[in-house]
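Protein chains: 2
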Amino acid sequence: MKEKGPKTITDNRLPIGIFDSGVGGLTVYRALHNRLPNEHFIYLGDTARVPYGTKSLETVERYAIENSSFLASRGIKVLVVACNTASALALPKIRETIGIEVIGVIGPGARKAVEITRNNPDAKIAVIATEATVSSNAYADSIRETSSNAKILQNPCPLFVPLAEEGWTEEEETYAIAKKHLANVVEFSPDVLVLGCTHYPILRKVIQETVGRDVTLIDSGEATAEEVAEFLEKRGLANTGQISYNQERRLCDDLDRFYVTDAADRFAHVAERFLGVKPKKLEAIEVFGFDKLKEY
Amino acid sequence: MKEKGPKTITDNRLPIGIFDSGVGGLTVYRALHNRLPNEHFIYLGDTARVPYGTKSLETVERYAIENSSFLASRGIKVLVVACNTASALALPKIRETIGIEVIGVIGPGARKAVEITRNNPDAKIAVIATEATVSSNAYADSIRETSSNAKILQNPCPLFVPLAEEGWTEEEETYAIAKKHLANVVEFSPDVLVLGCTHYPILRKVIQETVGRDVTLIDSGEATAEEVAEFLEKRGLANTGQISYNQERRLCDDLDRFYVTDAADRFAHVAERFLGVKPKKLEAIEVFGFDKLKEY
Numbered sequence: 010m011k012e013k014g015p016k017t018i019t020d021n022r023l024p025i026g027i028f029d030s031g032v033g034g035l036t037v038y039r040a041l042h043n044r045l046p047n048e049h050f051i052y053l054g055d056t057a058r059v060p061y062g063t064k065s066l067e068t069v070e071r072y073a074i075e076n077s078s079f080l081a082s083r084g085i086k087v088l089v090v091a092c093n094t095a096s097a098l099a100l101p102k103i104r105e106t107i108g109i110e111v112i113g114v115i116g117p118g119a120r121k122a123v124e125i126t127r128n129n130p131d132a133k134i135a136v137i138a139t140e141a142t143v144s145s146n147a148y149a150d151s152i153r154e155t156s157s158n159a160k161i162l163q164n165p166c167p168l169f170v171p172l173a174e175e176g177w178t179e180e181e182e183t184y185a186i187a188k189k190h191l192a193n194v195v196e197f198s199p200d201v202l203v204l205g206c207t208h209y210p211i212l213r214k215v216i217q218e219t220v221g222r223d224v225t226l227i228d229s230g231e232a233t234a235e236e237v238a239e240f241l242e243k244r245g246l247a248n249t250g251q252i253s254y255n256q257e258r259r260l261c262d263d264l265d266r267f268y269v270t271d272a273a274d275r276f277a278h279v280a281e282r283f284l285g286v287k288p289k290k291l292e293a294i295e296v297f298g299f300d301k302l303k304e305y
Numbered sequence: 010m011k012e013k014g015p016k017t018i019t020d021n022r023l024p025i026g027i028f029d030s031g032v033g034g035l036t037v038y039r040a041l042h043n044r045l046p047n048e049h050f051i052y053l054g055d056t057a058r059v060p061y062g063t064k065s066l067e068t069v070e071r072y073a074i075e076n077s078s079f080l081a082s083r084g085i086k087v088l089v090v091a092c093n094t095a096s097a098l099a100l101p102k103i104r105e106t107i108g109i110e111v112i113g114v115i116g117p118g119a120r121k122a123v124e125i126t127r128n129n130p131d132a133k134i135a136v137i138a139t140e141a142t143v144s145s146n147a148y149a150d151s152i153r154e155t156s157s158n159a160k161i162l163q164n165p166c167p168l169f170v171p172l173a174e175e176g177w178t179e180e181e182e183t184y185a186i187a188k189k190h191l192a193n194v195v196e197f198s199p200d201v202l203v204l205g206c207t208h209y210p211i212l213r214k215v216i217q218e219t220v221g222r223d224v225t226l227i228d229s230g231e232a233t234a235e236e237v238a239e240f241l242e243k244r245g246l247a248n249t250g251q252i253s254y255n256q257e258r259r260l261c262d263d264l265d266r267f268y269v270t271d272a273a274d275r276f277a278h279v280a281e282r283f284l285g286v287k288p289k290k291l292e293a294i295e296v297f298g299f300d301k302l303k304e305y
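The listed protein sequences derive, respectively, from chains A and B.
Residue numbers for the first sequence follow the numbering used here, beginning at 10 and rising by one.
Residue numbers for the second sequence follow the numbering used here, beginning at 10 and rising by one.
Because the hints were derived from the structure by calculation, they are not lab data.
Just so you know, not all the hints are guaranteed correct.
[What the hints assert, rightly or not] Simulated restraints on C-beta separations:
1. 180(B) <-> 67(A): 30 to 36 Å
2. 214(A) <-> 160(B): 38 to 44 Å
3. 217(A) <-> 226(B): 51 to 57 Å
4. 67(A) <-> 155(B): 41 to 47 Å
5. 22(A) <-> 294(B): 41 to 47 Å
6. 178(B) <-> 196(A): 22 to 28 Å
7. 239(A) <-> 259(B): 58 to 64 Å
8. 179(B) <-> 238(A): 44 to 50 Å
9. 287(A) <-> 189(B): 25 to 31 Å
10. 144(B) <-> 196(A): 38 to 44 Å
11. 290(A) <-> 20(B): 51 to 57 Å
12. 214(A) <-> 180(B): 21 to 27 Å
13. 20(B) <-> 287(A): 52 to 58 Å
14. 262(A) <-> 189(B): 33 to 39 Å
Predicted, not measured: the structure shown is a model, and the values here were computed from it.
Note that beta-carbon positions come from the ideal geometry of N, C-alpha and C, so glycine has one too.
For reference, chain A alone in the conformation it holds in the complex (with noise of 0.2 Å):
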């Protein structure tokens, strides 16, 4: 039987997992490695089967406990799921299958937003993310469990995922896209806008300029590391030995290890677009069949 629950873990030299559908969780792992630079990582980007946002809540539920149940399996003291479909759609099937704390993007981007915009009675709250994400109502059911007064949006923008993974950061019909895609945003007029999707923060200069400076932009990947510091901390599994004696810590280095179940040259190319640099450990495997180890 798999045990129900986080068990106890107190070896704070472990890595902590990060699992995403595929490229896009780079953008959390960065903000983790900048968080805590004592950390190292292991990284799983399900390449095979990418994308989740356009798939249901069975396909994505299975898919995370796969990816999940590998990740326990190498040994980690926690789980974050940077995926944001799979964070809205699978959280509770996780936990219940792994017995490693989890936690997720959607949480702490929401408390985020709800923070920032405290004192405003009026407080409106934008969510930008992918179908799936939006279906599922995460993003706002959590909002509403701390804030019940804000008014919330929330607006799927397909287009952007394949724009920031070819790299199209810049170009005009990028813009363009962006103009039509945050129409209903920019009407709403929020105060503050969730970055819904690990994809998003790669287009944040052209969202920000099209809905314009006043608009403060969240981040969940950085909210999310702000949380996992918080975590470690409090149960004492913050890494608290040096690291590495030989070198300073920068992306993608040797003690980062990740992982991807297809199409590893593609994700090398496509990690040095959004992070400047190539992992150095990179390994392409099968996650099938994980979740039904028994013992991990």
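Position chain B against the provided structure of chain A, taking the given hints into account.
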């Protein structure tokens, strides 16, 4: 042991199988349906793992074999691989695995391009397709097989798939992106342009206007329907009986069956956008493990 090579099928009342990575293959279904109104079809869209165009050879082969095995298990007289990427990468493996005649879309599209330009010694043929199809060189190889003289340009157009799926077929943003994606093609100034991805016929108008009226567009789906008709005729497998006594054939009527591996609602929605009608018989199924069956 699995059989090698096609077994002898004699029952002309069996349906024609079609698989695609998702919804794009519906343009091939439409072409087949129009050309062969006396046949009925089983369509499988692998919506749980779409898209294939950015995935590796090994992964596309594995998915293609599972899909083909599923369709073979339902009883079909010929298998049409509507997905260009799977046709480019996986035809040999599919033929090795299932004991049924297999027709892909690359060969028919390439042969049509050569046929149209055969009296022109300086012919120039352009092909637009996914990254994986372009990298495979399958169209160029197939064109070279029958025409050694044509000049060939292959060009990926990655944003055309999401634009087609969103139904942005007339938007000025689509024209702007087409101008950018097709800049090389316009400069090359081809005689014919092969639409080497099932989604591209959806954007036919934009593509035609961007490359100019003088360029002949080739829809690989239509070329494939032609070759399927010839094959059925030659093998005596054309359905000579009346397929239905009660109704005129229509696209997506209840004689044709549609299967998806995920998100049937979304499939029905996009099908309506592509074909103007939702499938009457549509079911979500699982294809994992179908390649492990020994007998169909």
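Structure-based check of each hint:
1. The hint said 30 to 36 Å for the Cβ distance between residue 180(B) and residue 67(A), and at roughly 33 Å that hint holds.
2. A C-beta distance of roughly 40 Å is found between residue 214(A) and residue 160(B), which places it inside the suggested range of 38 to 44 Å.
3. Roughly 39 Å separates the CB atoms of residue 217(A) and residue 226(B), a value that falls outside the hinted 51 to 57 Å.
4. Between residue 67(A) and residue 155(B) the CB atoms are about 46 Å apart, so this pair conforms to the stated range of 41 to 47 Å.
5. Distance hint check for residue 22(A) and residue 294(B): the Cβ-Cβ separation is about 45 Å, which falls inside the suggested range of 41 to 47 Å.
6. The hint said 22 to 28 Å for the Cβ distance between residue 178(B) and residue 196(A), and at roughly 25 Å that hint holds.
7. The supplied range of 58 to 64 Å is met by residue 239(A) and residue 259(B), whose beta-carbon atoms lie about 60 Å from each other.
8. Checked against the hint of 44 to 50 Å, the pair residue 179(B) and residue 238(A) passes, with Cβ atoms roughly 48 Å apart.
9. For the pair residue 287(A) and residue 189(B), the beta carbons lie near 26 Å from each other, so the given range of 25 to 31 Å is met.
10. At about 42 Å, the beta-carbon gap between residue 144(B) and residue 196(A) stays in the expected band of 38 to 44 Å.
11. A beta carbon spacing of about 54 Å between residue 290(A) and residue 20(B) agrees with the range 51 to 57 Å that was offered as a hint.
12. Evaluation of the 21 to 27 Å hint for residue 214(A) and residue 180(B) yields a pass: the beta carbon distance comes to about 23 Å.
13. Between residue 20(B) and residue 287(A) the C-beta distance comes to about 54 Å, which sits within the given range of 52 to 58 Å.
14. Between residue 262(A) and residue 189(B) the beta carbons are some 36 Å apart, a value that agrees with the proposed interval 33 to 39 Å.
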